[in-house]
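Chemist: In order, the protein sequences belong to chains W and R.
Mapping to the numbering used here: the first sequence position 165 is 170, numbers consecutive.
Mapping to the numbering used here: the second sequence position 14 is 19, numbers consecutive.
Certain hints may be false.
No distinction is drawn between identical chains; accordingly, a pair holds when it is met within one copy or between any pair of copies.
[Claimed, not checked] Under the rule of at most 30 Å between Cα atoms (straight-line distance), these lysine-lysine pairs were calculated in the DSSO-like manner: (1) K56 / K113; (2) K155 / K49; (3) K64 / K42; (4) K205 / K163; (5) K49 / K113; (6) K162 / K24; (7) K205 / K42; (8) K153 / K71; (9) K163 / K113; (10) K162 / K59; (11) K71 / K56; (12) K165 / K53; (13) K119 / K42; (14) K59 / K113; (15) K70 / K165; (16) K24 / K165; (17) K162 / K53; (18) K42 / K59; (19) K71 / K59; (20) K53 / K42; (21) K42 / K70; (22) K64 / K24; (23) K42 / K103; (24) K163 / K42; (25) K42 / K56; (26) K103 / K155; (27) K59 / K24.
I should point out that these hints are in silico values taken from the structure, not numbers from a laboratory.
Protein chains: 2
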Amino acid sequence: GPVGDTDESSRDFDPETQKSLEEIDACQNEIDALNEKASEEILKVEQKYNKLRKPFFEKRNELIKKIPNFWVTAFVNHPQISAVLDEEEEECLHFLTKLEVEEFEDIKSGYRIKFFFDENPYFENDVLIKEFHLGSSGDPASQSTPIKWKEGMDLTKKQKERQSQMKNNRKRPHEHPRTFFSWFTDHGDASADDIAEVIKDDMWPNPLQYFLVPDIEVEENGLEGE
Amino acid sequence: GPVGDTDESSRDFDPETQKSLEEIDACQNEIDALNEKASEEILKVEQKYNKLRKPFFEKRNELIKKIPNFWVTAFVNHPQISAVLDEEEEECLHFLTKLEVEEFEDIKSGYRIKFFFDENPYFENDVLIKEFHLGSSGDPASQSTPIKWKEGMDLTKKQKERQSQMKNNRKRPHEHPRTFFSWFTDHGDASADDIAEVIKDDMWPNPLQYFLVPDIEVEENGLEGE
Ligand SMILES: [Ca+2]
Ligand SMILES: [Ca+2]
Ligand SMILES: [Mg+2]
Ligand SMILES: [Mg+2]
């Protein structure tokens, strides 16, 4: 405890106050132990429900596969994700057949986002994974599958070329727009990856609302059928 | 569900896609129901541990009362709270004998912070309460006990007078420093009350660390006893 366990007492409390401080410290240790136990129980509840939800997420993914362009439509309709999608990337995401978000077993230490692709003209990979390690030990870090671009199809290169052309044109010299694949390959600040968080906490929990979103908004605004 | 439950189908999906969308919607409803149950179980765990912690918080408050100036010292040592304490308020907080933070029974809907005072030269109240209603129904709102200032002792008035004098002096015309009692009586944005959150989530869980903080820092920096 923080009270009086060093050799030299660096502040002189009277004995009565010192005794009370030690008793407060003991109280605090009991509270800390209860906090610890509460966290463990909450974790167990979360793990239990992750298991219970899993078959429904799997069934949902099987159903989604039957709907052409489900994921690319949901992504394009999502305000924050569409903001990083350039035209050619949108073409590429027509080959995205399955999305999966997995929390690590202990939940707190991280998660991974898996993108499954059909055979496509852009890269050889069947699955691209971006993974986040957010545990308390060490700094947050992310890593992602190296993309095996097909000859002349590297979308990140094309973007860089386009950006450096824009620089030479001296029109928008400071613009470095984020794109989907620059997000996927960037590991600059894993603790503040807004796109990953939006996919995990907003898209993955309910993608149907984004697949359907333009319709819903029209209905909510009462622009139709009134 | 969001799929096809309006009279006019505003988008024409082929029957197979429509069927899949309805099945996805059903899946989503199962997932939503599980989320709901998970939240309820987590709430029960939190309520259980709130009950278990309570006697230790009460014992801690009894012990704290034995230590002169415990709360004002902890407040002055806390970086964010001390930032809003002006000199006279610090004097006034020497009469603060007990602090209590209570979450509402359902936890999510709000909490109250209670400040208990000894007889003092500033106001008549024995307890000043600031209460936050953060429930999903309606906007977040806060309210607080009206302070019965004693004759000529209204610290919020004194501050306003001082501030308007400074305005007239034209030295720092735009400065409206926040103070403890202007925080207590302000209900402008209950959803972003940083001082209340610091008291609830940082001071209340472990005030001892702030009562002792200057000492601890000296020891950690190794400036003493080496
Ligand atoms: Ca392949
Ligand atoms: Ca009184
Ligand atoms: Mg497809
Ligand atoms: Mg006192």
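Chemist: What are the numbers of the hints that this structure violates, sorted from low to high?
Modeler: 2, 6, 9, 10, 12, 15, 16, 17, 24
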